[in-house]
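**Q** This is what each chain is made of:
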Amino acid sequence: AQKITQTQPGMFVQEKEAVTLDCTYDTSDPSYGLFWYKQPSSGEMIFLIYQGSYDQQNATEGRYSLNFQKARKSANLVISASQLGDSAMYFCATSGGSNYKLTFGKGTLLTVNP
Amino acid sequence: EAGVAQSPRYKIIEKRQSVAFWCNPISGHATLYWYQQILGQGPKLLIQFQNNGVVDDSQLPKDRFSAERLKGVDSTLKIQPAKLEDSAVYLCASSLGDRGKYNEQFFGPGTRLTVL
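Chains A and B are the protein sequences, given in the same order. Using the working numbering, read the first sequence as starting at 15 and increasing by one per residue. Using the working numbering, read the second sequence as starting at 12 and increasing by one per residue.
Just so you know, these hints were derived from the structure itself, not from any lab. Remember, it's a predicted structure, so these values are computed and weren't measured experimentally.
Derived Cβ-Cβ restraints for the label pairs, each shown as a range:
| hint | chain 1 | residue 1 | chain 2 | residue 2 | range |
| --- | --- | --- | --- | --- | --- |
| 1 | A | Gly76 | B | Gln28 | 40 to 50 Å |
| 2 | B | Glu79 | A | Gly76 | 33 to 43 Å |
| 3 | B | Leu95 | A | Pro23 | 18 to 28 Å |
Chain B residues, not near chain A, derived (Cβ > 10 Å throughout):
| hint | residue |
| --- | --- |
| 4 | Pro19 |
| 5 | Gln28 |
| 6 | Ile37 |
| 7 | Asp74 |
| 8 | Ser77 |
| 9 | Lys82 |
| 10 | Gly83 |
| 11 | Leu95 |
| 12 | Ser98 |
Yeah, the Cβ is synthetic: ideal placement off N, Cα and C, and Gly gets one too.
Full structure from sequences and hints, please.
**A** Written as structure tokens, this is what we have:
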């Protein structure tokens, strides 16, 4: 079974600053994936970034990077140069099991202040 | 490329009534998922289809929830009878399904259900 823990219910950041959203995971699978999704107030889930458990380098996608520390079972999302449009819920998820289903955390509400 | 389509976007019903949601995945996506997202929580998988077969329905309350994916394309999720605790957003997602643990899922806009 997989479990995702996001300990920050809410985070605030000033526009143009960087912010780190925390995620720790627990899984018994030897091979797994870690995902971050963004959910604006409109409700759709938007894929941001993916990290494979055997990937040697931390994943990056534009302003998003994933700080993957396998020994600590953490997969924190770093958003650089925050923008007002980054205000949303952010969910960390892991894929595992024979059907690679996603298990989500409870999310972190990020508010970017002007 | 068109995204995942869902309808209706909003639905309000009274408890003990029935309701159905429809999902049309991205063309060519073999895997289809239905999630339930209760306010303040992350999505929880209800059922996963691979083509028109069920892969995982371990968290589907089968006494009241049912789902089908005829012909391996569109899918319908039904609740009968609804309870107050079924109030949630129901998200449909699809993926190619052939990439193992890298299984990027594309989500639809969701259906917000309110049970009174």
